[in-house]
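Asker: Each chain is listed here by its residues.
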Amino acid sequence: MGNTLNTAQAGTLESGDIMLIVAPASAAGITIELESIVFPQYGQAIMEVLQKTVEQHGLTGIYIKAIDRGALDCTIKARVLTALARAGAVLKEELL
Amino acid sequence: MKLRRSLLFIPGNNPSMLQNGGVFGADSVILDLEDAVSPNEKDAARLLVAHALRHVDYGTSETVVRINGLDSFGSEDIRRIVPCEPGALLVPKVQCAEDIHTAVAKIAQAERREQKKVKIIALIETPRGLAECHAIARADERVVALAFGAEDYTAGIGAQRTKESIEISTARMLLVNAAAAAEIQAIDTPYTDAGDDLGMETDTTMAKQLGFKGKLAINPRQIDIIHSVFNPSQQEIAWAHQVIQAIRQAEAEGSGVASLQGKMVDAPIVNRAERIIKLTQVLGLSQEVVPC
Chain V
1 MGNTLNTAQA GTLESGDIML IVAPASAAGI TIELESIVFP QYGQAIMEVL QKTVEQHGLT
61 GIYIKAIDRG ALDCTIKARV LTALARAGAV LKEELL
Chain G
1 MKLRRSLLFI PGNNPSMLQN GGVFGADSVI LDLEDAVSPN EKDAARLLVA HALRHVDYGT
61 SETVVRINGL DSFGSEDIRR IVPCEPGALL VPKVQCAEDI HTAVAKIAQA ERREQKKVKI
121 IALIETPRGL AECHAIARAD ERVVALAFGA EDYTAGIGAQ RTKESIEIST ARMLLVNAAA
181 AAEIQAIDTP YTDAGDDLGM ETDTTMAKQL GFKGKLAINP RQIDIIHSVF NPSQQEIAWA
241 HQVIQAIRQA EAEGSGVASL QGKMVDAPIV NRAERIIKLT QVLGLSQEVV PC
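In order, the protein sequence lines correspond to chains V and G. With my numbering applied, the first sequence corresponds to residues 1 to 96, in that order. With my numbering applied, the second sequence corresponds to residues 1 to 292, in that order.
So that you can see chain V by itself, here it is in the shape it has in the complex (with noise of 0.2 Å):
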């Protein structure tokens, strides 16, 4: 990871948001946890859409906890790359 985390939360539970909490893990790569009430229809999509935001900005050894309550792929991004933002991360401006 190129720069230090902190942890962060964006968004919130109501409906059609997402929360999450993002914070540094001890190993590489992106673990995420997800809660969502349409998880066996979207949860994969909604785990893509996680790991992809994340991975394009070139960040590594982050831990996401994820709540979803039925947010769009938009919805999703601009969440993640708030608390992502809020951690301390330094994003690719032109992905913002």
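These are computed hints drawn from the structure, not numbers from a lab.
FRET-style restraints, in silico, Cβ to Cβ:
#: 1; chain 1: G; residue 1: 155; chain 2: V; residue 2: 65; range: 35 to 45 Å
#: 2; chain 1: V; residue 1: 6; chain 2: G; residue 2: 98; range: 38 to 48 Å
#: 3; chain 1: V; residue 1: 61; chain 2: G; residue 2: 71; range: 35 to 45 Å
#: 4; chain 1: V; residue 1: 43; chain 2: G; residue 2: 224; range: 35 to 45 Å
#: 5; chain 1: G; residue 1: 114; chain 2: V; residue 2: 51; range: 26 to 36 Å
#: 6; chain 1: G; residue 1: 109; chain 2: V; residue 2: 65; range: 37 to 47 Å
#: 7; chain 1: V; residue 1: 95; chain 2: G; residue 2: 71; range: 22 to 32 Å
#: 8; chain 1: V; residue 1: 94; chain 2: G; residue 2: 155; range: 33 to 43 Å
Where a beta carbon is used, it is the ideal one built from N, C-alpha and C, also for glycine.
Position chain G relative to chain V; hints supplied.
Answerer: Frame of chain V; chain G shown alone:
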């Protein structure tokens, strides 16, 4: 002619409302980064609105973003939001033409070369802003409308806000005149009691009578009322067609002035009739046979 009869505020940090903003049929949706968002959530709302602008379908509704004041989070809002190509920015608490010049410079800096120019709706909500509103309206070609914010304005002049709205009657008329002089639209303050449909209709009718072209809305249920008031009535449409018919007949007879039901029909009357017919066409309204 861009219709801005209804402009619906949507809280900028509420994903559910942001994704459904296009279903209410408002002429414009205002994705709000200012009053609807607490200071510690400005960063989250800014990103959420930016992504909504890129991915949510708002149908025929114009997308407007109310940024924060340029003395707080406004510059960062412009930098992040403008490249996502909103139709317009609603700039709050505009006090003078220089505020518009400052916003325009920041917008121009943030715009991508190939994108459509972002317009400005100036929110007039202070006594000084009202005093300067004609200069504000003429400050830049990006300014397409003046919107009135009566709650802050009445606090600024030390008056009590009432449903009768006597305390804002002069302000409303000054704002309408300034907008008309600059050939841009005047948008009226929202009616804040979302549960009072009759009051809403009365207030909107007053706004139309004064010359406003639209009204801010804080609740989707207000949109139908606003449209029903600002749309030309069947009587108005019928009258407009009769005026045009009368003036054409007079012109054919070699006269520039006609008479309709005993009243003189001259250029200003014809202009008003033409505006009604044009609006009718834009709205796709048909004329039923209604006696005048």
